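Undergrad: All chains should be modelled from the sequences, with the hints used to inform the complete structure.
Chains G and E supply the protein sequences, listed in that same order.
Numbering of the first sequence is given in the numbering used here, commencing with residue 214 and proceeding in unit increments.
Numbering of the second sequence is given in the numbering used here, commencing with residue 10 and proceeding in unit increments.
Hints listed in this document are in silico derivations from the structure and should not be mistaken for laboratory results.
Any given hint could turn out to be false.
[Said to hold, decoys possible] Here are some chain E residues pointing at chain G (derived, C-beta under 7 Å):
(1) Thr47
(2) Phe73
(3) Trp75
(4) Ser77
(5) Val79
(6) Asn111
(7) Phe134
(8) Gly169
These numbers come from a predicted model, not from an experiment.
Note that the Cβ used here is the ideal one computed from N, Cα and C, for glycine as well.
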Amino acid sequence: MSQTMDPNNMPILSEASVSVEIETEDMTLNIGPQHPSTHGVLRLVAKVNGEKISSVEPVLGYMHRGYEKLAEVRTYPQVTTLVNRIDWVSGFANEIPFIAGAEKLMEIEVPERAQYIRLILTEMARISSHFVFNGAFPLEIGALTPIFLAMEDRERVLDLLESVTGGRFHPNFNRIGGVKPVAGAGPTTKKDIQDLPAGFYHDTKVAMEKVLKAVDTFEDLIGGNEVFQARTKKVGVLTKEVAEEYGVSGPILRASGVEFDLRKQSDYLPYDKFDFEIPIGENGDCFDRWSVRTSEMRESAKIILQAIEDMPSGPIQAKVPKVIKVPKGQTYVRAENPKGEMGYYIISEGGLGPYRLKIRTASFSNISILPIMLEGALLPDLIAIMGSLDFVLGDVDR
Amino acid sequence: MKILKESGERKTLNQSDQNEFINSIQSSFKNTSYNFDTLKINVDLSSWIDTHKILKKDFNLSFFNWLSAVDWDNEVKTGDAPKEPVTPSFEILSCLSQTNSNNLVISSTVISKENAEIESLVDVFAGANWHEREAYEMFGINFLNHPNLTKLYLPDDYEGNPLLKSFELISREVKPWPGDVDVEGMPEDSIVVEEKGS
Numbered sequence: 214m215s216q217t218m219d220p221n222n223m224p225i226l227s228e229a230s231v232s233v234e235i236e237t238e239d240m241t242l243n244i245g246p247q248h249p250s251t252h253g254v255l256r257l258v259a260k261v262n263g264e265k266i267s268s269v270e271p272v273l274g275y276m277h278r279g280y281e282k283l284a285e286v287r288t289y290p291q292v293t294t295l296v297n298r299i300d301w302v303s304g305f306a307n308e309i310p311f312i313a314g315a316e317k318l319m320e321i322e323v324p325e326r327a328q329y330i331r332l333i334l335t336e337m338a339r340i341s342s343h344f345v346f347n348g349a350f351p352l353e354i355g356a357l358t359p360i361f362l363a364m365e366d367r368e369r370v371l372d373l374l375e376s377v378t379g380g381r382f383h384p385n386f387n388r389i390g391g392v393k394p395v396a397g398a399g400p401t402t403k404k405d406i407q408d409l410p411a412g413f414y415h416d417t418k419v420a421m422e423k424v425l426k427a428v429d430t431f432e433d434l435i436g437g438n439e440v441f442q443a444r445t446k447k448v449g450v451l452t453k454e455v456a457e458e459y460g461v462s463g464p465i466l467r468a469s470g471v472e473f474d475l476r477k478q479s480d481y482l483p484y485d486k487f488d489f490e491i492p493i494g495e496n497g498d499c500f501d502r503w504s505v506r507t508s509e510m511r512e513s514a515k516i517i518l519q520a521i522e523d524m525p526s527g528p529i530q531a532k533v534p535k536v537i538k539v540p541k542g543q544t545y546v547r548a549e550n551p552k553g554e555m556g557y558y559i560i561s562e563g564g565l566g567p568y569r570l571k572i573r574t575a576s577f578s579n580i581s582i583l584p585i586m587l588e589g590a591l592l593p594d595l596i597a598i599m600g601s602l603d604f605v606l607g608d609v610d611r
Numbered sequence: 010m011k012i013l014k015e016s017g018e019r020k021t022l023n024q025s026d027q028n029e030f031i032n033s034i035q036s037s038f039k040n041t042s043y044n045f046d047t048l049k050i051n052v053d054l055s056s057w058i059d060t061h062k063i064l065k066k067d068f069n070l071s072f073f074n075w076l077s078a079v080d081w082d083n084e085v086k087t088g089d090a091p092k093e094p095v096t097p098s099f100e101i102l103s104c105l106s107q108t109n110s111n112n113l114v115i116s117s118t119v120i121s122k123e124n125a126e127i128e129s130l131v132d133v134f135a136g137a138n139w140h141e142r143e144a145y146e147m148f149g150i151n152f153l154n155h156p157n158l159t160k161l162y163l164p165d166d167y168e169g170n171p172l173l174k175s176f177e178l179i180s181r182e183v184k185p186w187p188g189d190v191d192v193e194g195m196p197e198d199s200i201v202v203e204e205k206g207s
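TA: Next up, the structure:
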């Protein structure tokens with residue numbers, strides 16, 4: 214028998230019983246590790262008081278692969294295969310600082326053409342990474358359309374990356390002293406196109422025009438959307454002092470108003486030859502972080518269009534010994550990756566592989582501010598804040 | 010609505026500024042080296058915290074890049090041993106930089122393996138928290154006055170410190186690599202042979 218209540222006999226709550234203070238205690242809410250908005254397997258243990266978050270403790274390590282240990286038993290050319298898989302959304306960009314570090318220790322001059330190819334492909338990796346962000350971030354806070362647009366345009370960029378390197382996500386294309394020659398890429402009699410597939414310049418131009426159009430579309434479709442603005446503006450504000458102390462870098466740091474971009478300040482690739490701007494945010498909120506990344510795509514497309522215009526001809530590989538031995542020394546080389554500063558501290562003892570390789574990844578430092586940013590935030594804002602940090606768990610756990 | 014400020018002026022690498030910075034560091038600290046574009050300060054264990062305070066306050070190195078450690082040992086179970094003998098010890102490295110230039114400093118100090126402990130940097134740079142937890146689990150280094158010195162990546166019941174040179178990489182013990190047996194038969198081949206035999 215189901216219990217039915219006699220409407221005439223309902224208990225009436227007296228005023229006294231309502232005003233009795235009820236003791237509340239925080240509820241523990243486990244988010245992840247299997248949650249679409251965690252970009253991999255991140256677990257957050259949140260203490261919530263109603264809709265309000267009182268504390269958050271991220272739990273890492275579900276994807277820890279021990280690359281720093283593995284690098285110690287590999288030779289230098291073999292390490293590039295590993296570092297591709299750190300931030301898999303922009304695998305190509307991960308190779309650059311490691312290769313540049315090994316070249317610095319070996320004192321190798323990389324030919325200009327190889328540097329240009331590296332630069333073009335790095336910027337393509339940046340565009341493809343920001344396309345993923347522009348699709349995933351609105352999706353996480355409830356907008357379904359942008360991901361379809363973003364994935365379509367990203368595919369075009371990935372096709373270009375694939376046509377040169379042979380890989381969409383893990384190119385493993387850089388060699389110490391240059392880049393990998395592409396077999397059967399155009400007539401080999403013409404020295405200047407032996408390394409890029411036929412029609413690469415034309416296809417790149419077409420793809421970059423499409424990227425520029427896509428950025429305009431995103432700015433209207435996502436940035437102009439009132440719901441998106443309401444969900445992101447003045448949400449998850451990060452001040453620059455906190456960001457610097459925690460080592461938060463990349464677009465997140467720039468959204469907080471710090472004019473710091475290693476492409477301008479460092480010389481790991483010849484960025485000084487091109488005209489491009491560094492977008493800076495003003496408020497440091499989720500909207501600014503989205504906005505900085507989206508504007509960056511436009512700048513990256515501009516860089517690529519300039520680079521294919523004045524592409525130098527010449528060799529793509531410096532002369533290197535057959536067996537690569539890096540002389541004794543220590544160096545730290547860092548680069549501006551799509552997600553922030555990525556660097557490798559290489560300790561070489563003169564062997565075939567590094568004695569110790571410290572990998573500094575952007576997302577690791579970037580999400581270390583989560584406990585601070587989420588304290589006192591509303592639960593629905595948690596997804597918006599996490600999404601705006603644009604992290605990849607492979608980049609956090611290494 | 011204007012949400013972006015475009016930085017109009019083009020920044021170029023200013024070599025003289027960088028040299029000035031290196032000179033000012035070298036005049037303030039005794040034991041410095043500048044090799045392969047990397048400026049490194051070797052500090053005593055006792056002045057580890059003070060050095061970071063000075064670097065942060067006086068040299069505007071307010072950006073905390075990373076902190077880690079190196080296990081120096083002559084007997085290694087993974088990789089190659091150093092060519093020249095070293096004193097077995099832990100080297101703690103930290104990296105600080107400026108956010109308006111490419112200036113960067115690596116600080117280094119040495120602690121003994123028997124008494125592997127060092128003051129935590131969390132009070133100076135809050136961002137050191139996770140980096141120190143990683144060094145704690147990977148090397149077994151004890152960071153004194155750390156607010157939450159627990160394992161970061163590894164499970165709570167994990168035994169051993171994986172980045173120690175004495176820690177074996179089990180997969181390498183099972184199958185040595187790089188080896189000369191790069192050309193193995195495909196799994197299908199062996200199946201075919203078995204079928205023929207039977």
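Undergrad: Run the structure past the numbered hints and jot down the numbers of the failing ones, going up.
TA: Of the numbered hints, just 8 does not hold.
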